[in-house]
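The residues making up each chain are set out below.
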Amino acid sequence: MEPSDPNSRTDPYDLSFFKVLIVEDSQFIRSIIASALKAMGINQVFAVHNIAEAKQKLLQYNAAKSSHNIDVVITDWLMPEGDGSELLSWIRSHKIDVIQFLPVIVCSAYTSEDLVNKARNYGATEILVKPVSAQKLANRILYVIDKPRPFIQAPGFFGPDRRRKNEKYIGEERRKTSASDIEEDHEQLE
Amino acid sequence: MNNSSETEKIKIWYRLNFLKMKAGGDLNDESVGYIAPLAVRQAQAVINDQEKHYYDETEALIQNLEQTWSQILESESEADTEILQRIFINYAHNVKDVARTFQYDLMADFGESLYNFCTKMTIRTDAQKAIIEAHLKVIRMTFKTHIKESIGEQAEELKSLLKIAIEKHLQ
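Note that the protein sequences, when read in sequence, are chains D and P. Residue 150 in this note's numbering sits at position 150 of the first sequence; the count goes up by one each step and never skips. Residue 32 in this note's numbering sits at position 32 of the second sequence; the count goes up by one each step and never skips.
Hints should not be assumed to be uniformly reliable.
Quick partial rundown of chain P residues pointing at chain D, CB under 10 Å, derived from the structure [what the hints assert, rightly or not]:
no. : residue
1   : Ile12
2   : Leu61
3   : Ile62
4   : Glu66
It should be emphasised that the hints constitute simulated quantities derived from the structure, not laboratory data. Glycine is no exception: its CB is placed at the ideal position from the N, C-alpha and C atoms.
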């Protein structure tokens, strides 16, 4: 999608330095997603078939902050050797912050309200509904780049704010924390 | 995860947007960006091009489904059956995923129906087994006849075969 308002950039993003990890048990779907991302200009795409390999890759590339870090994880939700919730729990509870705060796009063909809530409650950044298309992949990646949300640690939850900044929240207000109970951490340039 | 009222302390992390910088923007740049439309079109062309592998891929998945089903029927251990059933469910899931990616809607619908049926229960009774076999039969027939859409005379006939089998064995 090209820019249509004055706040839009004039040049497209250059994704050539991005590193993306795909976790998907189907070799065929894995290779489709990887090829599509490469065609979009992402030079380094790692594709693994289970959660154990995903953890290994993340430990290998994200053990410390560097330009070699994996930037985005795209994971299937339903896999035979552990589902997406297991990987999200591991990522969101990790002590290394370049793993803990990673954007994670959950890719699933089953988008019941239950699954979407579950994925968000486990700390998913975005949900991509299968079947995979180039436009859906592009949209999710753009969301991750353009609309990052602050991370919230609350009782029973750690992950990106489940309420989007630009959307008015409708529903029962469950947040009853007073300002004095909120601690803020603003990341600084090193 | 907890959805109840939250009165305890919370912490909010505001992270620097290094991804924006990596993509060619500035850290504090709040403008909305885009991916070159040509690159997105090329990516879609790459996806579409993979359709040539659809039949080989689906044939392999159906064979895996059928072999795993035979193993489930022969299995004498509850633990083995559960493992095999998980594998079986995963193949059904992949049949659906691959078919949906290339708009083979009838195959995707049957794969999804099989997946949904298997995830709800451990397959033990003859009636449950008959329903699984009816699914395998229509999946194989859909594959052989190359029916793509979920509408039309042949598609309706296969859907009806499955529906009759399900109703018969669920009674």
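Q. Which numbered hints are broken by the structure, listed smallest first?
A. 3 and 4
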